[in-house]
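Enquirer: Below, each chain spelled out in residue letters.
2 protein chains.
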Amino acid sequence: MFVTHLECPKCNRTYESEAAVQLCDCGSPLLVRYDLDKVKRAVTKADLIPRNADLWRYRELLPVRNRDNIVCLGEGMTPLLHLNQLGRKVHMPNLYMKDEGIIPTGTFKARGAAVGVSRAKELGIKVLAMPTNGNAGAAWAAYCAPAGIEAVIVMPKDAPPIPRGECAIAGASLYLVDGLISDAGKIVASAVAEHGWFDASTLKEPYRIEGKKTMGLEIAEQFGWRLPDVILYPTGGGVGIIGIYKALQELEAMGWIEGKLPRLVAVQSTGCAPIVSAWEKKESESAFWEGANTLAFGITVPKALGDFLVLDAIYQTDGCAVAVSDDDILRAEELLAACEGTFVCPEGAATLSAAMELARTGWIRPEEKVVLLNTGTGLKYPETVRVAPPVLEPGDTLPKS
Amino acid sequence: MFVTHLECPKCNRTYESEAAVQLCDCGSPLLVRYDLDKVKRAVTKADLIPRNADLWRYRELLPVRNRDNIVCLGEGMTPLLHLNQLGRKVHMPNLYMKDEGIIPTGTFKARGAAVGVSRAKELGIKVLAMPTNGNAGAAWAAYCAPAGIEAVIVMPKDAPPIPRGECAIAGASLYLVDGLISDAGKIVASAVAEHGWFDASTLKEPYRIEGKKTMGLEIAEQFGWRLPDVILYPTGGGVGIIGIYKALQELEAMGWIEGKLPRLVAVQSTGCAPIVSAWEKKESESAFWEGANTLAFGITVPKALGDFLVLDAIYQTDGCAVAVSDDDILRAEELLAACEGTFVCPEGAATLSAAMELARTGWIRPEEKVVLLNTGTGLKYPETVRVAPPVLEPGDTLPKS
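Line by line, the protein sequences are chains A and B.
Just so it is clear: in the first sequence, position 354 is 354 by full-length UniProt numbering, and no numbers are missing.
Just so it is clear: in the second sequence, position 48 is 48 by full-length UniProt numbering, and no numbers are missing.
One or more hints might be untrue.
Because identical chains cannot be distinguished in the list, a pair is counted as satisfied if it fits within a single copy or across any two copies.
Claimed, not checked - DSS-like mimics (lysine-lysine), calculated; alpha carbons at most 25 Å apart, straight line:
1) Lys186 - Lys89
2) Lys157 - Lys45
3) Lys89 - Lys369
4) Lys400 - Lys157
5) Lys400 - Lys204
6) Lys157 - Lys186
7) Lys369 - Lys45
Honestly, the hints are just simulated from the structure, not real lab data.
Put together the whole structure using the sequences plus the hints.
Expert: So this is what it looks like as structure tokens:
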């Protein structure tokens with residue numbers, strides 16, 4: 001393993017990485033640091049080619065010491081689709097989608113869970129707890145099962161229902177709360193303090209980011225190490241955008257990529273847009289968003305612990321932040337299915353809506369290479385499609401289409 | 001392209017492959033034949049290594065002439081998981097699962113659809129129609145969208161609901177029927193005759209098998225071209241088992257694999273077991289199963305057009321056919337989730353149930369390498385998990401676990 005230590009991006013304090021550390025004493029999330037020169041000597045781009053098509057192909061840049069601790073359900077190396085039909089239609093011929101619906105548990109949360117749980121197992125964690133809008137809880141519950149770790153999951157009662165079943169069948173201890181993810185977070189924090197559990201809340205342990213950063217590594221490899229111009233990411237807790245930015249910085253430090261980094265775009269819903277609001281005011285942190293409400297439930301995060309890291313990633317890459325309406329999200333979901341056959345989650349659809357808006361304003365130029373990050377499959381959101389097909393009797397006939 | 005012709009496995013009549021042919025004049029499904037010597041000279045096992053992790057890596061063994069006709073959503077090279085925990089528990093240490101839940105549309109039907117639709121596009125088809133228990137319809141609807149082909153889909157009204165939304169959002173013409181898939185099939189057959197549509201019903205066109213056979217190609221490659229001893233497959237229409245057997249025969253003819261082929265096991269539900277019944281009587285065809293009823297809806301096929309090919313694959317490989325109960329299926333689904341973190345569909349769970357039964361009787365020996373074919377994700381069957389978690393108020397506390 002090439003991890004050297006944990007580092008606070010706010011106060012620069014460092015921590016030893018072999019203990020089960022949570023936040024920095026200053027309250028900031030911690031980042032995992034590697035000896036990148038040593039990684040560079042240990043592995044080449046060509047070494048990756050024959051490796052399995054999962055995220056562990058980047059094991060030198062991941063924080064697990066002993067391979068026996070890896071819990072792998074086949075996560076990673078999700079398809080990077082060139083959206084030919086849709087791209088022509090919306091005048092972005094170089095429009096791509098990274099489809100994180102094609103992954104265990106159906107969402108990109110599997111990446112954070114695979115790496116986070118594997119590392120938790122390695123560190124000897126027996127019980128972990130987390131608040132969730134559904135999909136992260138489902139993913140951590142799934143990976144905890146083979147790891148022999150008990151997962152305690154608390155999610156809003158109004159969250160989409162399918163992840164409840166996923167948590168339950170994987171054997172997690174599941175609770176609902178009549179409130180938002182921030183309410184679930186407070187319940188988890190007090191239980192963690194009382195019972196001594198490991199807190200697996202977003203960014204309260206350092207390893208989930210490492211899993212999410214593999215999206216950035218894959219985008220780089222799948223484009224032949226020549227980066228796209230823009231990456232749009234639906235932003236709730238923001239771990240993905242933080243992770244992608246971290247991945248690109250590591251690849252840059254290793255000399256595996258060069259030139260300007262892609263402009264990173266945080267996409268939110270107009271019903272919960274704390275990052276957009278902060279970005280518009282050029283602030284370095286966000287304010288708690290009151291009355292959060294959007295059908296893109298996965299990005300209903302009123303105040304993210306890592307907001308300052310998200311905003312930094314945007315500022316450093318000349319990116320931006322955009323909010324889109326629920327109506328536009330549903331239209332984008334339909335457009336993707338009708339043109340490309342991909343059934344995406346509302347959060348993923350939001351990135352298309354934002355890209356179309358940015359193309360209209362000229363912020364995205366027509367020839368630019370643009371990547372939408374679809375964070376999950378629409379199969380987990382069947383309620384977003386309304387359908388009432390005609391019911392026939394045996395022997396009936398069909399009209400000519 | 002290396003296709004030479006289409007061939008009837010029943011009467012051996014051959015057909016030219018560049019026309020849109022359906023069944024043989026004798027009523028049998030047709031199989032695609034290749035110049036395997038030429039394939040062998042054109043590609044080596046090593047050539048595959050740097051190719052994309054999708055089923056088109058085997059393009060020399062697939063029936064699409066012009067790459068521009070390929071509709072790819074990233075399907076194929078699904079994970080082959082070693083079920084360590086579960087294998088120890090059920091005394092099959094070499095138990096594996098090929099997880100076809102990690103694929104576009106969430107089921108293995110994506111393979112048949114990707115190849116079938118790509119070829120239909122190449123042959124100039126404008127409208128196709130099919131009966132379905134849900135997942136095949138959803139997959140064909142999805143692939144037809146970017147191909148510019150209109151899909152007319154008829155499914156039983158009692159089929160699980162999620163695929164309805166998938167069909168609708170992809171723009172298919174969707175109908176329900178108050179009956180079984182066999183009733184839907186009759187409606188489609190009469191519409192095809194009346195309107196001149198292409199009939200994409202199971203095995204009524206030759207290319208779906210070619211998509212499904214890639215499961216066999218992948219199993220061979222993922223095991224390093226050394227085959228497992230047993231493959232268990234949940235059998236409705238049986239295209240997958242026919243396809244896997246065809247793949248293994250082609251690889252054998254090319255000299256890419258040697259030794260005894262895996263014993264192929266057709267797994268059905270006790271509520272609909274025509275293949276099991278025929279196999280028990282050593283018959284070469286099955287009889288229509290009256291009153292079919294099982295929660296494993298995808299394998300509710302009272303009489304499969306390719307039954308004789310399924311039975312042949314079983315007999316030729318010294319395989320067998322096993323029926324399992326709905327209760328055992330639900331128990332197996334829970335066992336897989338609790339031990340391995342994988343949330344599988346009931347059809348996939350049935351294969352675990354069957355493997356455990358065959359291990360109990362000694363038909364599977366403890367040291368044998370056994371592959372369960374999970375045909376889809378449990379996310380499409382949320383109703384199979386019952387869950388009623390406690391609901392907390394903000395500020396509540398959690399009990400110690």
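Enquirer: Are the hints correct? Go through all of them and say.
Expert: Hint-by-hint comparison with the structure:
1. Lys186 - Lys89: neither (46 Å within a copy, 38 Å between copies)
2. Lys157 - Lys45: neither (45 Å within a copy, 51 Å between copies)
3. Lys89 - Lys369: Within one copy only: 15 Å inside a chain, 50 Å across chains, cut-off 25 Å.
4. Lys400 - Lys157: between (45 Å within a copy, 21 Å between copies)
5. Lys400 - Lys204: between (58 Å within a copy, 20 Å between copies)
6. Lys157 - Lys186: Within one copy only: 15 Å inside, 44 Å across.
7. Lys369 - Lys45: Answer is within; shortest intra-copy Cα gap is 22 Å, inter-copy 34 Å.
Violated hints for the displayed structure, listed by number in ascending order: 1 and 2.
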